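Q: Spelled out from the first residue to the last, the chains are:
Number of protein chains: 4
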Amino acid sequence: MATSETPTRGYTATKDQLGTRLRRIEGQVRGIERMVEDDRYCIDILTQISAIQAALDKVALGLLDGHVRHCVAEGSQEGKSEMMSTELMAAVGRLMRRG
Amino acid sequence: MATSETPTRGYTATKDQLGTRLRRIEGQVRGIERMVEDDRYCIDILTQISAIQAALDKVALGLLDGHVRHCVAEGSQEGKSEMMSTELMAAVGRLMRRG
Amino acid sequence: MATSETPTRGYTATKDQLGTRLRRIEGQVRGIERMVEDDRYCIDILTQISAIQAALDKVALGLLDGHVRHCVAEGSQEGKSEMMSTELMAAVGRLMRRG
Amino acid sequence: MATSETPTRGYTATKDQLGTRLRRIEGQVRGIERMVEDDRYCIDILTQISAIQAALDKVALGLLDGHVRHCVAEGSQEGKSEMMSTELMAAVGRLMRRG
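Protein chains in written order, with UniProt numbering: chain U, 1 to 99; chain S, 1 to 99; chain G, 1 to 99; chain X, 1 to 99.
Treat the hints with care, as some may be off.
In this list, chains with the same sequence are indistinguishable; a pair is considered to hold if it fits within one copy or across any two.
Lysine to aspartate or glutamate pairs mimicking DMTMM-like chemistry, simulated, CA-CA at most 25 Å apart [to be verified]:
| hint | residue 1 | residue 2 |
| --- | --- | --- |
| 1 | 15 | 38 |
| 2 | 58 | 44 |
| 3 | 58 | 26 |
| 4 | 15 | 74 |
| 5 | 58 | 16 |
| 6 | 80 | 39 |
| 7 | 58 | 33 |
| 8 | 80 | 44 |
| 9 | 15 | 26 |
| 10 | 58 | 38 |
| 11 | 15 | 44 |
| 12 | 80 | 26 |
| 13 | 15 | 37 |
| 14 | 15 | 33 |
The set of hints was computed from the structure by calculation and includes no laboratory data. Remember, it's a predicted structure, so these values are computed and weren't measured experimentally.
So that you can see chain U by itself, here it is in the shape it has in the complex (with noise of 0.2 Å):
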């Protein structure tokens, strides 16, 4: 059975960062839609929206990690922790396509 364990920082991320991912994930997208027009095989478009979607997640999991940390850090301080807390969960339900 697992323990509680303490990781380190592992998603955060910079603006910079972001951004250089993002650019990335837009030549990626890019890139498929070539495949898509040159009629490649099927499975290799395939394992390409995979790479996007995992680098989506990275993305998205370094803006939550920033978040988090505010949210944790100043939201009982500014007397709106409810309505940070369910716009959290909210994102977080749509993050696990159960939104």
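Dock chains S, G and X against chain U, hints included.
A: Chains S, G and X alone, transformed into the frame defined by chain U:
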């Protein structure tokens, strides 16, 4: 383009509700064991597995909801917001299957 | 850019293997029921739920693997490839949480 | 308990439809780049990322649908059903984030 919206507390669950859901999930898993044993049609078993995954996600979101509310409301006061945020993000990453 | 590769039969599972995995999953669900009952730390319970979901996906991929092999090998000969493909895709969509 | 049902061909997509969807996704990714650049609210960006991921999954299911229909209809006749099944399952596993 989507705008920020504040949803209701859709994921909040009591301990009793979580217990009831988990006992139902346990029964569903036993049902799948019987289906495999009886050589039931594969697609029907897969449908049941998808239903269990959805039910487990609902339990996870219910637990996470309570934890997030606690962290956002109390985190900064207890001076451990950094560790709370890190382990929360690790849990979210795992639920997104990126852990 | 990824290229097409032919992996080994990683997901294939026998009926016995599926039964063993499902009984273990049933035990893991009971473990979570106790953890909730005992007010165990939320993050630890979430870790267990993620583990169960990975195990269930493994069972699903094992079942799907056998079904796909059957469909690809026999589908066209039985003159029902259209229906087989449609219900197969619906099952995959549900497993991707897009059903 | 769910029973076997035969859904309609929900995922089938033409090459034109896939191209149109991918160009729209490319635009959505550029939109997110601007949102990050402009320091837009994190939750709004996450909502957009979830929308892109749903759109990418739809493209993936459209591509997979055509491939599955081809494999089920033609696989056994070409004497390569084994390899087709293996690479198909590997693609499905990656789309389920279990690759």
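Q: Hint by hint, which ones does this structure get wrong, listed from lowest number up?
A: 12
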